[in-house]
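Trainee: Sequence:
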Amino acid sequence: MTREAAREFFGNLGEELKVSRLDDIPDGEEISIFSHGQFDDLCRGPHVQRTDQIGAFKLTESAGAYWRGDESNPMLQRIYGTAFSSKQELEAHLAQLEEARQRDHRRVGVDLELFHIDPISPGSPFYLPKGMVVYNGLIDFIRSLYPKYGYAEVMTPQILRTDLFKTSGHYELFKDDMFILEGDDGEELAVKPMNCPGHCHLFSLRKHSYRELPIRYAEFSRLHRNERSGTLTGLSRVRSMAQDDAHIFCQPDQVEAELDSFFEMTREVWEALGIDCTEMSVATRPDGFVGEVEDWDRATEQLLGAIERAGYPRQTKLGEGAFYGPKVECDFRDVMGRPWTLATVQIDVSMPARFGLRYVGQDDQPHQPAMIHRAILGSLERFMALYIEMTAGDFPFWLVPVQAIVLPIGERHLDYAQRLAARFGAAGIRVECDDRSEKLGFKIREAELKKIPLMLVVGDQEQENKTVMPRWRHGKKGGDEAIEVDALIASLVEGIRERRIQMQR
RNA sequence: GCUGGCGUAGCUCAACGGGUAGAGCAGCUGAUUUGUAAUCAGCAGGUUGCGGGUUCGAGUCCCAUCGCCAGCUCCA
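Take 1 as the starting number for the first sequence in the numbering used here and just add one per residue.
In case anyone wonders, no lab produced these hints; they're calculated from the structure.
Keep in mind it's a predicted model, so treat the numbers as computed, not measured.
Even for Gly, the Cβ is constructed at its ideal location relative to N, Cα and C.
Hints may be right or wrong, so weigh each one.
Unchecked claim - With a Cα cut of at most 30 Å, we get these calculated DSS-like pairs of lysine-lysine:
1. K317 to K18
2. K317 to K166
3. K207 to K166
4. K451 to K439
5. K466 to K476
6. K175 to K317
7. K451 to K466
8. K130 to K443
9. K450 to K476
10. K443 to K476
As the list claims (entries may be wrong) - The calculated label-pair distances, taken between Cβ atoms and stated as ranges, are:
11. Q158 to E89: 47 to 57 Å
12. E30 to T60: 24 to 34 Å
13. Q96 to H36: 22 to 32 Å
14. N73 to K175: 18 to 28 Å
15. G55 to N136: 27 to 37 Å
16. E113 to E30: 30 to 40 Å
17. T278 to Q504: 20 to 30 Å
18. E8 to N73: 23 to 33 Å
19. N465 to Q102: 36 to 46 Å
20. E89 to E30: 23 to 33 Å
Whenever a hint applies, use it, and build me the whole structure from the sequences.
Mentor: The structure is reproduced here in C-alpha cells:
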C-alpha cells in the first residue's frame, strides 16, 4: 500500500496514532497492512497466516506505555501475551517462568535471611546478619585487590554543601533526585548521591606532581538517590546503596593503560565469582552533554579500543553516556531476562576542567589530568541481586554466610559436636551446630534448603575416632569416609584464602 | 512520577452473590535420641496495609492514602 493510501485508510478508521506512525516509516520501506476479520493492522509483519496455527496462548501482562516512549505523550495500554503451537509447549514455558521466579533475589533474600526491604524506607535495604556477611565479603575481596592494582581507599563526607554538586554539574541535572537538607542559616546541604565530586575535591586540595600519577581513590561509602518510586525493584534499583567506586586521575597518555588495568582487574573478580559478561557496550555522547566534542570522540575511541584489547565483543548504546563522558557498561541479566549494568568504566571529559584540576608536568607547567570513573561490582546492592539470581543463593564457599554446620546424630554426641564447631570457628570458618533433637535426615534437609555447602555429621564412630563425616552440598551424597578434623580445617582455610569456588572433590 | 494489577498470621495461600477470618509450613511446649532431604502430639499466632464512607452487618462494595509487582519514563 502506498503511504497516501495508508494514510487515507487509517484516517477513515479514525486510527490517528497509526496515521502518525506512518511518518516514522522511512522512504523506500514497504508499508504493509495485515488483516484478520474486521481487524486491519499496520505492521511490518509477518503475522501467522491463520489463527489455527496458534495451538495455545495466554495473556500474561498488561501495562501502560507512553506513545513513542516519551513521558510527555499520552499513555497507551499495552497487553502482553505468549503463544505456542501446542498446549504442552505453553505449559513448559510457564513452568520455566515459575522456576525463574524461584530464583528471584527478593524471594531468595527472604528465604536465606539476607536482607529485608520495608515500607518504612522504600528502596533502602535492611541487611540481616547473613546478608552482611555477603556484603562485607564482597567489599573485603575488592579491597584485597587494591594493593595489587594501586588503589588507595578514602572516605569522604556523607553530607556536603550543595556547592560541590553545583561545581560538578550534578546539581543542575539531578537536584530533584537528591536528598537535600537545610543546615545553619539556610545553608543548603545534600546527602551525597555519588563520590566523584568529593574525589575531585580531594585531588584539588594540594599540588600534585606528574610523578604521583595515576592517583586512584577508591571508596565504599553509602550513597543516596531519591529514585522515583516506580523505578524501585528489590535490590536491583534502590535509593540507598554503595559502590565499589573509584576515580583515577592520570596523565592523558596513561588512560589506555588504566583502561587495560580495569579490564584485567574486572576479569580477575569475575573469575573468582564464577561469572562472565556477555553484553558489553559503549554508551556514547547524549543530548545535553558537557565538554568538547573532540574530547568525547577521543574518549569513545579509547573505550572501544580497550574493549577490543580485552577481547570482548562490544555493542553501542547510542546517546546513553553520562553527561560528563562516554562509558563502558557491562550488563548481566536477571531471572526475568532484564539487563542491568554492573561493572562500568567511564572517561570524564568534564569534571577535571570544572574543578580546575592540575598537576605539574615534567616541563614544570600545570596540566589538566585525565579522569576515569570505574566500578567493578557496580552497586553492591545490584550486584547482590544479580549474583543471588545467577547462583540461586549458592554462593562460593569463601562468601557463603554459613560455611559449615555440625550435625550431631544423637544427644550423646552434642558435647563433641559443640567442641568441633568451636574448633572450626577458631580457625575462622563460619560454622553452626544443629543441636536440636531431630533426626539426621531432617537436619540435612534443613541445611540443604539453607544452601550450606558443608555438613559435618558426627556420631559414635566419629566421636570415637576424633573424626567427622563430611557431606558436601555439591559433592557425593551419603557419608562414606570420615576424615581427620585438622586436615579438613586446614584444607578449608586454604580454600577460603585462595577464594576457591569449588571446595570439595 | 505515569498506566494497570495486587495487599488476609513470619512465609505460601483459603474464606459463595457482603453474614462470627481458616489451613500448611515456620514459631513455642512436650514426647522422641534418631546415621545422610520432612518423628509425633499439643499450644499460640490476624484492628484482613493504614484512614474514611455505604450498610442492620464489610476481608468482600465505594473513596482516599501507603506499599508491592509488571511495563513505561528516568538512572549521576
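Trainee: If a hint holds in the structure, say so; if it does not, say that too.
Mentor: The hints, checked one at a time:
Restraint check for K317 and K18: the C-alpha separation of about 28 Å stays at or below 30 Å, so the hint holds. Distance hint between K317 and K166 is fulfilled; the C-alpha atoms sit about 28 Å from each other, no more than 30 Å. As the CA atoms of K207 and K166 are separated by approximately 23 Å, the hinted pair is consistent with the 30 Å bound. Restraint check: the Cα-Cα separation between K451 and K439 comes to about 19 Å, which is no more than 30 Å; the hinted pair holds.
A distance of roughly 22 Å separates the Cα atoms of K466 and K476; the hinted pair therefore holds under the 30 Å criterion. Restraint check: the Cα-Cα separation between K175 and K317 comes to about 25 Å, which is no more than 30 Å; the hinted pair holds. About 26 Å separates the Cα atoms of K451 and K466, which keeps this hinted pair within 30 Å; it holds. Proximity of K130 to K443 is assessed by CA-CA distance (about 19 Å); at most 30 Å being required, the pair is judged to hold.
This hinted pair checks out: K450 and K476 have alpha carbons roughly 18 Å apart, not beyond 30 Å. About 17 Å separates the Cα atoms of K443 and K476, which keeps this hinted pair within 30 Å; it holds. Taking 47 to 57 Å as the suggested C-beta distance range, the pair Q158 and E89 conforms, at roughly 53 Å. At roughly 31 Å, the beta carbons of E30 and T60 sit within the given window of 24 to 34 Å.
At roughly 29 Å, the beta carbons of Q96 and H36 sit within the given window of 22 to 32 Å. Restraint check, N73 to K175: a C-beta distance of roughly 25 Å satisfies the suggested window 18 to 28 Å. Between G55 and N136, the C-beta spacing of about 51 Å breaks the proposed range 27 to 37 Å. Restraint check, E113 to E30: a C-beta distance of roughly 57 Å breaks the suggested window 30 to 40 Å.
In this structure, T278 and Q504 meet the distance hint of 20 to 30 Å, their C-beta atoms being roughly 28 Å apart. Roughly 24 Å separates the CB atoms of E8 and N73, a value that falls within the hinted 23 to 33 Å. A C-beta distance of roughly 40 Å is found between N465 and Q102, which places it inside the suggested range of 36 to 46 Å. Range check, E89 to E30: Cβ separation about 31 Å, and the 23 to 33 Å hint holds.
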